[in-house]
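Asker: One letter stands for each residue in the lines below.
Protein chains: 2
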Amino acid sequence: MKKVSLISIGNELLSGQTVNSNGAYLSAELLSAGIPVVSAYVIADEIDAIARAFELASADADVVIATGGLGPTDDDLTRQALAKFLGVELELRDELLEKIENFFISRNRPMPAKNKIQACIPAGAKALANIGTAPGILAESRGKLFFTLPGVPSEMKRMFAESVLLELRPFTDTQAVVVRKLKCFGAGESTIAERLGTMMQRGRNPLINCTVSSGVITLHIVAKAEDRETAGQMAQRDETTLRNILGEWIYGTADQSLAEVVGEALARQQKTLAVAESCTGGLLAKMLTDISGATAYFRCGWITYSNEAKINELGVPDGLIAEYGAVSEQVAEAMARGARKKADTDFAISITGIAGPTGGTEQKPVGLVYMSVDSEKENHTNRCVFSPDRRAIRLRAAQTALNMLRQKLNI
Amino acid sequence: MKKVSLISIGNELLSGQTVNSNGAYLSAELLSAGIPVVSAYVIADEIDAIARAFELASADADVVIATGGLGPTDDDLTRQALAKFLGVELELRDELLEKIENFFISRNRPMPAKNKIQACIPAGAKALANIGTAPGILAESRGKLFFTLPGVPSEMKRMFAESVLLELRPFTDTQAVVVRKLKCFGAGESTIAERLGTMMQRGRNPLINCTVSSGVITLHIVAKAEDRETAGQMAQRDETTLRNILGEWIYGTADQSLAEVVGEALARQQKTLAVAESCTGGLLAKMLTDISGATAYFRCGWITYSNEAKINELGVPDGLIAEYGAVSEQVAEAMARGARKKADTDFAISITGIAGPTGGTEQKPVGLVYMSVDSEKENHTNRCVFSPDRRAIRLRAAQTALNMLRQKLNI
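In the order they appear, the protein sequences are chains Z and A. Take 7 as the starting number for the first sequence in our numbering and just add one per residue. Take 7 as the starting number for the second sequence in our numbering and just add one per residue.
For reference, chain Z alone in the conformation it holds in the complex (with noise of 0.2 angstroms):
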């Protein structure tokens, strides 16, 4: 199978000024045309670090790809570098001047003397059409392609679309990677690993990996096969046995948040929620708007982040708070039955606990969250300690009460 290497050529990539999406988007696009990338590389605009840059990802793979660092500018120096690495000189092609210069023209601008490097690319190498004034680069040596394209992010995609997936052909018409995601709450990342034992197993195939974001663990099944049909039908195969085996710590698919999944519940089963949240302050609210449409199921919000708004907006009796406090199950229990009925919703939602980094007691520790979920059949409380974080137990707590309430709706 045919791999490729990145480079991602550009100093404000070091410095943290720009994420490199080049990257990623790449990544993501090669991998379902069925030619891995197997290694990345972020380098500084100067030539010889770039030109090694070369060397390197040839070593890793029969393809290179690098982005960025073709503009008319004295730091662009990409297409030095490969005429380096290549061991040839670069080339003033006349065919490619008179496009820059009509790129001009069109403008009604007078051509900077600076755009005519960027009609120079090294001997023997072909020009890529060109998309603003830079064209982009492909060369072949040793057997090995090497792509140069620029890194302005729309110029890059039009470019990989319409030249490089073309010259790529020959390749990917003969492989084929089929990527399947699937979205588990409930449960940790060990705790799953375990329960998958040998499937996580490296050289397997379809590979089976797994990434963990604020409680959220996301399992990549990726099947490789001959052609499309079979390595679909080994993914389909893997996600019915990891389905058997996490049963309903799987929530979703692809990139489905908690939210959506749970949305997308209540507009099926025309039910409709309301929320009161203290600790988490909003942010339970604010997830289950994210998602447009929420006017069909979502109500109505209360952030009683005082006992005086327990008490006055949901009825909370201030009795219970003097006697349990206003983190404890008791009080959830009662600001979850105090917004359903008063939003007249199906189901209400809330949340209480300590977000911290101050306001614990050795009782009651920062991290403790108390989280309801109330209809007109039954209240559901849980406890938790999440790890003391005030962004991260917010975020915890509020997905572990979407998690209740995806429980509750059968799903």
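Treat the hints as calculated values from the structure; they're not laboratory data. Being a predicted model, the structure only gives us computed values, none of them experimental. Incorrect hints may appear among the rest.
Claimed, not checked - What follows is a list of derived Cβ distance ranges for each label pair: (1) A:Gln207 <-> Z:Val94: 34 to 44 angstroms; (2) A:Lys347 <-> Z:Gly365: 24 to 34 angstroms; (3) A:Glu335 <-> Z:Ser298: 46 to 56 angstroms; (4) Z:Glu101 <-> A:Gly365: 43 to 53 angstroms.
Stated by the list, open to error - What the simulated footprint calls covered on chain A by chain Z, stretch by stretch (three residues with Cβ under 8 angstroms from a Cβ of chain Z suffice, anywhere in the stretch; the number is not a length): (5) 17 to 28; (6) 34 to 48; (7) 51 to 64.
Claimed, not checked - Here chain A is said to cover these stretches of chain Z; the calculated rule only asks that three of the stretch's residues, wherever they fall, bring their Cβ under 8 angstroms from a Cβ of chain A: (8) 26 to 35; (9) 103 to 111; (10) 163 to 176; (11) 191 to 199; (12) 305 to 314; (13) 390 to 403.
Where is the CB? At the ideal position from N, CA and C, for every residue including glycine.
Chain Z is already provided as a structure; the job is to place chain A on it using the hints.
Answerer: This is chain A only, laid out in the frame that chain Z set:
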């Protein structure tokens, strides 16, 4: 000057599933600390490939920082690769194992056997404070420093701030790069760039860079000198000039958010706040309560998504909604006034608008938002039409409303 090379480890980075945000974060932080990143490698979860990346990175720089691959599963191979590169064995450290066991005990969960590997680090290396279950690692070899950090951004950032920067202090103290950041809101990037003129020229020292994120413009003043004092004075001189030129567009410094600046002023002036949100659905309250200590000024919030909620909870006259529509100056004003009276606070902010993508009309397009700030003395309502992107509309509306309150607070 000391230099850093970064290694980002994880198949998900090469499959395009995850954008490498850790790389950008570390690059920016290290530049501020005066230790620039000169190269970066993205590597798959394979021992030999990771070990080779340590070799390459240490040829580029004095300090190597690797992220990812410290989890408990079989595809987490960074600690094994570091040991291989260093030519030593992995050692089980009892004190680390105890910490990990305690982590699970505190959560009332049995420790999965797989987590034991997280207590192993290369012989002779030093463990950096556990966050979650994975300790970071610091090893020294051939006069160079090698750090490995977790890949989860929140854990990585905390460990970087709490451990790595401390270990790097000997380098950062001997070099003089002073970075000041000024945060602006209320004017576009090009307007600010025009006002600053030649101050933004490349090659100038201090260098002034400009980054934009959700309407907030951050000006980075990067001053370099032989000693810290001189660099500090140069940065200070530029800061004063920028403050004169940009006036009240500058709302803060460093990494301050608008919510933070507004919150601090409310606390200092002993004023209280309530919010009433429609289209932002909890986002404004979430931004305000992201800040610990919000309890001092934030009392209560309403997410009145439906018309009924606006009427029942905030006392917006139903005639007003019938006459002007829920997205109108009149309703925004009534929402803010209702929230302030009900919560009995000094200020209230309301937001009502059309976040889309559906629900727009010719008169009231997607992106139309009314924001109102109410106090006993006065009411001030603004109308904005933001670019039609749901996420951006919500964020801009919340930021603009916070900026209105900032002006009322005279900060």
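Asker: Indicate, hint by hint, whether the structure satisfies it.
Answerer: We went through each hint and held it up to the structure:
1. A:Gln207 <-> Z:Val94: 34 to 44 angstroms: About 36 angstroms separates the Cβ atoms of Gln207 of chain A and Val94 of chain Z, which means 34 to 44 angstroms holds.
2. A:Lys347 <-> Z:Gly365: 24 to 34 angstroms: Because 29 angstroms falls inside the window, the suggested range holds.
3. A:Glu335 <-> Z:Ser298: 46 to 56 angstroms: Violated - the Cβ-Cβ distance for Glu335 of chain A and Ser298 of chain Z, about 24 angstroms, lies outside 46 to 56 angstroms.
4. Z:Glu101 <-> A:Gly365: 43 to 53 angstroms: holds, 51 angstroms
5. 17 to 28: The restraint on the stretch 17 to 28 of chain A holds, since 11 of its residues have a Cβ under 8 angstroms from chain Z and three suffice.
6. 34 to 48: With 11 residues in contact (Cβ-Cβ under 8 angstroms with chain Z), the coverage given for the stretch 34 to 48 of chain A holds.
7. 51 to 64: With 4 residues close enough to chain Z, the hint holds.
8. 26 to 35: It holds: at least three residues are needed, and the stretch 26 to 35 of chain Z offers 9 whose Cβ sits within less than 8 angstroms of chain A.
9. 103 to 111: violated (count 0)
10. 163 to 176: violated (count 0)
11. 191 to 199: Coverage by chain A holds for the stretch 191 to 199 of chain Z (5 residues, Cβ < 8 angstroms).
12. 305 to 314: n = 9 at 8 angstroms, threshold three: holds.
13. 390 to 403: Three-residue rule met by the stretch 390 to 403 of chain Z, so holds; n is 7.
When held up to the earlier numbered hints, the structure conflicts with 3, 9, 10 and fits the remainder.
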